[in-house]
Amino acid sequence: MNLKQELHKNGCDAFYRELAAEYDLREIFYTIQERSFGFLCVEDSYALLDRISPEEFLKDEQMPYWAEIWPAAIMLSSFIARELPLEGKRIIEIGAGVGMVSVVAAANGADVLSTDYSQDALRFVAYNALRNGVHLETATLDWRLVQCNERFDMLFAADVLYERVNLLPVMTAIDKLLKSDGTAWIADPRRRLAGQFLDLAGENGFSITPFATNYEGGSQPVGVNIYRLSRGVMHG
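Under our numbering, the letters of the sequence shown match residues 160 to 395, in that order.
Accuracy of the hints is not assured; some may be wrong.
As the list claims (entries may be wrong) - Pairwise CB distance ranges (calculated):
id, residue 1, residue 2, range
1, Asp203, Gln379, 27 to 37 Å
2, Gly382, Glu242, 35 to 45 Å
3, Gly364, Ala179, 39 to 49 Å
4, Arg323, Gly292, 37 to 47 Å
To be clear, the hints were calculated from the coordinates, so they are not data collected in a lab. Glycine residues also receive a C-beta, built at the ideal position from the N, C-alpha and C atoms.
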């Protein structure tokens, strides 16, 4: 083990111990396009509900969905690694959770800003980037009030359309964060609300191309649609 590897391992170990002191953890391993990844997440996300005070919940109604890896994130990660040229692209992920999509994008050459509303989530993103030997940036981002002046080549989001109240803020965030010729890639486990979101996208001048995938890694298959959103009329 050389010095760089040793520093990396020591940093990872210290970070892990810090998180393990606060959470019950589990690590999940995936192979994506012949590359192995390991991701740290929370063993039982529902246990985190006890940490949310009634006052905090009334203010934000934020559930700890960030703490798990959902099928939509797995399928989006696999799709972008397989299908998209990411080298040198400036990318933002919104609602990153523990950062699976961000890490896979960074591993495939993207310059990534990984964002979430939860500060706890961003700690897991940072750990998972370190764990997998990739570099990315992290930042807090609230869909309801996007305070980011940069525009990106691509935007990724997995399973963010789970409540009606999110639909317009997510659409507004995409509109604000993408370059005029940028593309957004939204993965959703075929929720009914996705149709309403796609109507909003159309009303805001976006063309939509769907890609149907299936997650087979759980107790039963989960259908996941990946939507490509781009401004204007699609050609070809």
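Which of the stated hints cannot be reconciled with the structure, identified by number in ascending sequence? 1, 2
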